[in-house]
Amino acid sequence: MQYQILTVGNPNSGKTTLFNGLTGAKQQVGNWAGVTVEKKTGQFKHAGEEFLLTDLPGIYSLDSGNDSNSIDESIASRAVLTHPADLIINVIDATSLERSLYMTLQLRELGRPMVVVLNKMDALKRERQMINIAELEKTLGCPVISLSATNKAQVAEFKE
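Be aware that the sequence shown starts at 14, since it is given in our numbering, and climbs by one per residue.
Because the hints were derived from the structure by calculation, they are not lab data. Using N, Cα and C, we set each Cβ at its ideal position, and we do this for glycine too. One or more hints might be untrue.
To be verified - In silico PhoX-like cross-links for lysine-lysine, where the CA-CA straight-line distance does not exceed 20 Å: (1) 58 to 172; (2) 172 to 53; (3) 165 to 58; (4) 165 to 138.
What the hints assert, rightly or not - Distance ranges between label pairs, derived from CB positions: (5) 166 to 84: 35 to 45 Å; (6) 83 to 14: 29 to 39 Å; (7) 150 to 62: 34 to 44 Å; (8) 100 to 151: 16 to 26 Å; (9) 139 to 95: 37 to 47 Å.
Put together the whole structure using the sequences plus the hints.
Have a look at this one:
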């Protein structure tokens, strides 16, 4: 069986870096919005199972699919709403948690299997800040994983 996974998150949250780490791909990443302007797919195998991962352009909300928004925002929001994914990975920039939570709550309302990845935890630690992950899991009602997508060991552990 092949499992379908979507990576969803705000622009510049680290979705493509995580996608590259999981699939071994080398999609372009950058420190500005709009780097990923179309959905990209990649595969990986783990524990005898096959996974098809789709990296979506960054969006701030699922409301981004209306006609007044850019093509990449429309692609991403429509994919989330119509793609029959087995799992949604909501990638959040831990240094701007509050900005990301609106879309996270919209994703939870869909009632689909989801895991939240708090990315850039290394940057948060440098700022001497912390997030109560257990409390966030309880509030959101889904698993929350903290990592830095640029750390190969942490991405490999997440894959497990």
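Checked hints:
no.: 1; hint: 58 to 172; verdict: holds, 10 Å
no.: 2; hint: 172 to 53; verdict: holds, 19 Å
no.: 3; hint: 165 to 58; verdict: holds, 16 Å
no.: 4; hint: 165 to 138; verdict: holds, 18 Å
no.: 5; hint: 166 to 84: 35 to 45 Å; verdict: holds, 36 Å
no.: 6; hint: 83 to 14: 29 to 39 Å; verdict: holds, 35 Å
no.: 7; hint: 150 to 62: 34 to 44 Å; verdict: violated, 24 Å
no.: 8; hint: 100 to 151: 16 to 26 Å; verdict: holds, 20 Å
no.: 9; hint: 139 to 95: 37 to 47 Å; verdict: holds, 39 Å
In the structure shown, a violation is registered for the earlier hint numbered 7 alone.
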